[in-house]
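Visitor: Going down the list, the protein sequences come from chains C and Z. With our numbering, letter number 78 in the first sequence gets 388, and the count goes up by one each step, no holes. With our numbering, letter number 30 in the second sequence gets 41, and the count goes up by one each step, no holes.
No wet-lab data here; the hints were simulated from the structure. Please read all numbers here as calculations on a predicted model, not as lab measurements. Mixed in with the good hints there might be a few duds.
[To be verified] Which stretches of chain C does chain Z cover? Using the computed rule of at least three CB atoms under 8 Å from a CB of chain Z, they are:
| # | region |
| --- | --- |
| 1 | 352–359 |
| 2 | 410–421 |
[To be verified] Here's a subset of chain Z near chain C, in silico, CB distances under 7 Å, partners left out:
| # | residue |
| --- | --- |
| 3 | 54 |
| 4 | 89 |
| 5 | 110 |
[To be verified] Here are the computed distance ranges between Cβ atoms for each label pair:
| # | chain 1 | residue 1 | chain 2 | residue 2 | range |
| --- | --- | --- | --- | --- | --- |
| 6 | Z | 121 | C | 323 | 32 to 40 Å |
| 7 | C | 389 | Z | 64 | 24 to 32 Å |
| 8 | C | 421 | Z | 89 | 40 to 48 Å |
| 9 | C | 324 | Z | 62 | 46 to 54 Å |
| 10 | Z | 41 | C | 339 | 37 to 45 Å |
Cβ coordinates follow ideal geometry from the N, Cα and C atoms, glycine included.
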Amino acid sequence: SQTIHQWPATLVQPVGSPLSLECTVEGTSNPNLYWYRQAAGRGLQLLFYSVGIGQISSEVPQNLSASRPQDRQFILSSKKLLLSDSGFYLCAWSDLNTEAFFGQGTRLTVV
Amino acid sequence: TQLLEQSPQFLSIQEGENLTVYCNSSSVFSSLQWYRQEPGEGPVLLVTVVTGGEVKKLKRLTFQFGDARKDSSLHITAAQPGDTGLYLCAGGGTGFQKLVFGTGTRLLVSP
Chain C
311 SQTIHQWPAT
321 LVQPVGSPLS
331 LECTVEGTSN
341 PNLYWYRQAA
351 GRGLQLLFYS
361 VGIGQISSEV
371 PQNLSASRPQ
381 DRQFILSSKK
391 LLLSDSGFYL
401 CAWSDLNTEA
411 FFGQGTRLTV
421 V
Chain Z
12 TQLLEQSPQF
22 LSIQEGENLT
32 VYCNSSSVFS
42 SLQWYRQEPG
52 EGPVLLVTVV
62 TGGEVKKLKR
72 LTFQFGDARK
82 DSSLHITAAQ
92 PGDTGLYLCA
102 GGGTGFQKLV
112 FGTGTRLLVS
122 P
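Isolated chain C (complex conformation):
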């Protein structure tokens, strides 16, 4: 069966520090991978998606970047965090866009 792992679960980082959130998927090949950000109690804002290794599409201009160094690995990064980067970050995978499977999420607080 397929599983998705996302870590860390919570993170407190100072303004201006770098960020690296990692997501890995097991049990499937060539998944579509997504990074979302969610404001408190609201819907999901798509940040990045990827259809394959090294292929990244950005949805909104921002202080973040994403990379896919391996088929089932998706990384969300920032060189210098801003206060506005605080939020709940979710990684997800899907197969042929029929449904998405989410990681547990990372609560990022920038202080």
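Got chain C sorted already, so can you dock chain Z onto it with the hints?
Guide: Chain Z only, in chain C's frame:
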């Protein structure tokens, strides 16, 4: 740009009441999913509907896909406190298209 609007945004009801959540768009989707999310966790898939007019039941939850595949509804009968959470609809396309998530409905069921 494809958008999915959910209504209501927030719903607070007593245990035993019935409710309906709506998910509307001007775009046609090849499939539509409903997810439930609890605080601090990723959304979990409840159901996928793919045929216009399709109705699916999951215990006390009834999901319907509109005939034109532009809208969907979620009806909960005799709501229970365990139904509390954020409900998200999401639309999928054909080929590679990123999933489009709705704006979310926060449900609070009080005992």
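Visitor: Next, verify each hint and record whether it holds.
Guide: Status of the hints after comparison with the structure:
{"no.": "1", "hint": "352–359", "in the structure": "holds (count 5)"}
{"no.": "2", "hint": "410–421", "in the structure": "holds (count 7)"}
{"no.": "3", "hint": "54", "in the structure": "5 Å, holds"}
{"no.": "4", "hint": "89", "in the structure": "25 Å, violated"}
{"no.": "5", "hint": "110", "in the structure": "5 Å, holds"}
{"no.": "6", "hint": "Z/121 x C/323: 32 to 40 Å", "in the structure": "37 Å, holds"}
{"no.": "7", "hint": "C/389 x Z/64: 24 to 32 Å", "in the structure": "50 Å, violated"}
{"no.": "8", "hint": "C/421 x Z/89: 40 to 48 Å", "in the structure": "44 Å, holds"}
{"no.": "9", "hint": "C/324 x Z/62: 46 to 54 Å", "in the structure": "51 Å, holds"}
{"no.": "10", "hint": "Z/41 x C/339: 37 to 45 Å", "in the structure": "22 Å, violated"}
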